[in-house]
Amino acid sequence: MTAFAAPAFPAPARRLGLRSGLRNTFTLTWRSVLKIRTNLEDLLGLSLQPIMYLLLFTYVFGGAIAGGTHAYLQFSLPGILVLSVVFATLGTGLMLNQDIANGIFDRFRSLPIARSAPLAGAILGDLVRYSISVAVTLGFGMILGFRITTSPLSAIAACLLLLVFALAMCWFSALIGLLAKTPQGVQWFGFLAMFPLVFGSNLLVPAATMPGWLQAFVKVNPITYLTEAERGLLTGGPVATPAIRSLLWALGIFIVFAPLAVRVYRRKT
Amino acid sequence: MRYDATSANAIEATGLIKRFGKTTALAGVDLVARPGRVLGVLGPNGAGKTTAVRILATLLRPDGGQASVFGYDVLRDAYQVRQLIGLTGQYASVDEGLSGTNNLIMIGRLLGLPRAQARARAAELLARFELTDAAGRIVKTYSGGMRRRLDLAASLVGRPRVLFLDEPTTGLDPNSRTDAWAMIRGLVSDGVTVLLTTQYLDEADQLAHDIVVIDKGKVIATGTPDELKARTGGQVLLVAPSDPARLAEAATLLEALAGAEVTTDAEAGAVSAPVADKALLPRVVRELDGRGIELAEFTLRKPSLDEVFFTLTCHRADDEEDTQTRELEDTSR
Chain A
1 MTAFAAPAFP APARRLGLRS GLRNTFTLTW RSVLKIRTNL EDLLGLSLQP IMYLLLFTYV
61 FGGAIAGGTH AYLQFSLPGI LVLSVVFATL GTGLMLNQDI ANGIFDRFRS LPIARSAPLA
121 GAILGDLVRY SISVAVTLGF GMILGFRITT SPLSAIAACL LLLVFALAMC WFSALIGLLA
181 KTPQGVQWFG FLAMFPLVFG SNLLVPAATM PGWLQAFVKV NPITYLTEAE RGLLTGGPVA
241 TPAIRSLLWA LGIFIVFAPL AVRVYRRKT
Chain B
1 MRYDATSANA IEATGLIKRF GKTTALAGVD LVARPGRVLG VLGPNGAGKT TAVRILATLL
61 RPDGGQASVF GYDVLRDAYQ VRQLIGLTGQ YASVDEGLSG TNNLIMIGRL LGLPRAQARA
121 RAAELLARFE LTDAAGRIVK TYSGGMRRRL DLAASLVGRP RVLFLDEPTT GLDPNSRTDA
181 WAMIRGLVSD GVTVLLTTQY LDEADQLAHD IVVIDKGKVI ATGTPDELKA RTGGQVLLVA
241 PSDPARLAEA ATLLEALAGA EVTTDAEAGA VSAPVADKAL LPRVVRELDG RGIELAEFTL
301 RKPSLDEVFF TLTCHRADDE EDTQTRELED TSR
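Keeping their order, the protein sequence lines are chains A and B.
One point on numbering: in the numbering used here, the residue at position 84 of the first sequence is 84, and numbering is uninterrupted.
One point on numbering: in the numbering used here, the residue at position 51 of the second sequence is 51, and numbering is uninterrupted.
I should point out that these hints are in silico values taken from the structure, not numbers from a laboratory.
Yeah, the Cβ is synthetic: ideal placement off N, Cα and C, and Gly gets one too.
It is possible that part of the hints are untrue.
[Said to hold, decoys possible] Below, in silico cross-link-like pairs of lysine-lysine (BS3-like), each with a Cα-Cα straight-line distance of 25 Å or less:
hint, chain 1, residue 1, chain 2, residue 2
1, B, Lys22, A, Lys268
2, A, Lys181, B, Lys229
3, B, Lys302, B, Lys278
[Unchecked claim] Quick partial rundown of chain A residues pointing at chain B, CB under 10 Å, derived from the structure:
hint, residue
4, Ser47
5, Leu48
6, Gly62
7, Ala64
8, Gly103
9, Phe105
10, Ser116
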């Protein structure tokens, strides 16, 4: 017997490099994007939801609120963009919840990959979902008669701002997805948290007619800032202040919910 | 050297403890899997089998005890352990929203294979598990058996040295089970160490070189299948009267003579009892003959693992308490 018996297999690597970790994340982003293509129900809902909002709100509220559908569409479309994309973030939580329930996360955890890759990959992949939502809303809105009265550049900025905000919001959704025991739970908690936030704003109606206490809430609601920034970028008006405030809120939401979600995720894993 | 595979055991666990709230799922479990062998972990539902596998596969932190895979600690060296293991869970853990091919490519890519190699490895494994025809289909449309096979394929992408199979054949039809067994034997002949949990004793009997019986979070027996069979003492005598109406009478008689509990199988019209002493046989025949009970069958055989298992655990698998542990394990996922 020699002192050093030949190993039957090469020794495993000691630690995962940053580049491998990034590659893991991109592989799992690829997975999320592939799943958008194959999950027709999700894709259909994702595209039909903004169309439904646009048709309903424009023709139901339009006359009453703005005295005409075209005037209302110019007012409401930026809000409906915000609404669609915020609700689309719920999908992130739902998918995570499903992944945990059906055991695929156990598979990921048993592999020598970066621990945060499944979470980061799911969220990056969802950027594509959010982009679809933004594109459909804007596209269908323009078919209905919405006109961008600023410049293409600020329209692009409007879309980017939405995506940045969605990337922050989806950490909140991810947290719910990780905490809830069932997909129904994700949906309920998500809606209960997001409805007051979305509709307690100037997103569909001007805040002027609301009672004082509600106006106070509307004034500090991040959705209000985001909607104002979108209006400014798409149809003109002040941009800098609401955009900076939306970005600060996005940062705040990210700083609070991303570490919480990562912590819950790590405890589960 | 720590990876000296010639001296290290493939899996080693000592004193594993895991609690879920007030329930103790593992109350100090020791087990060893030798390299290139199959270790069967047997036990009723809720015995702690899945908890043990999840700890060994780095998915769950134990509350006490130590475990290692080829010398690498499952807590301290989890990253190394993950490079050596493959896991096929009790619940098929493949992505239902992807095709079979994409599931395997994804895992190959995650394991660092270049795109072309990941694709080739996927095709190779799909062919090996007879899934080539369904390769492009979304897994949601697969049958239970196909999903299991894909799950097994997924755990083999990285050519693991140690494979954890947590109830790999639960819910499979007999044909697929036999296929799965053949595949497992094939892997073992390639030098893979397998830890297999199962409720099916014939499965352990067929595949395992060593068996650990766990019940209520404790190891209650270890040994080779033959050793375990020998442990329950001697052999089993089976008596079937020609006239089924006299089965009860034969049972009473056998119980008195053997001095042990008999098992009556009314459907088969047979009664069996463990016999420690072969001198008992002529006496049984004489007594039965004396009462005019004609015999259709009279056989002496080794006990099945079922009988061993029943003797060892001495309780039904569906105890309430066990179901509870199982539920707790599930919610902890």
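Hint check:
no. : hint                  : verdict
1   : Lys22(B) x Lys268(A)  : 19 Å, holds
2   : Lys181(A) x Lys229(B) : 44 Å, violated
3   : Lys302(B) x Lys278(B) : 13 Å, holds
4   : Ser47                 : 18 Å, violated
5   : Leu48                 : 20 Å, violated
6   : Gly62                 : 39 Å, violated
7   : Ala64                 : 42 Å, violated
8   : Gly103                : 3 Å, holds
9   : Phe105                : 8 Å, holds
10  : Ser116                : 13 Å, violated
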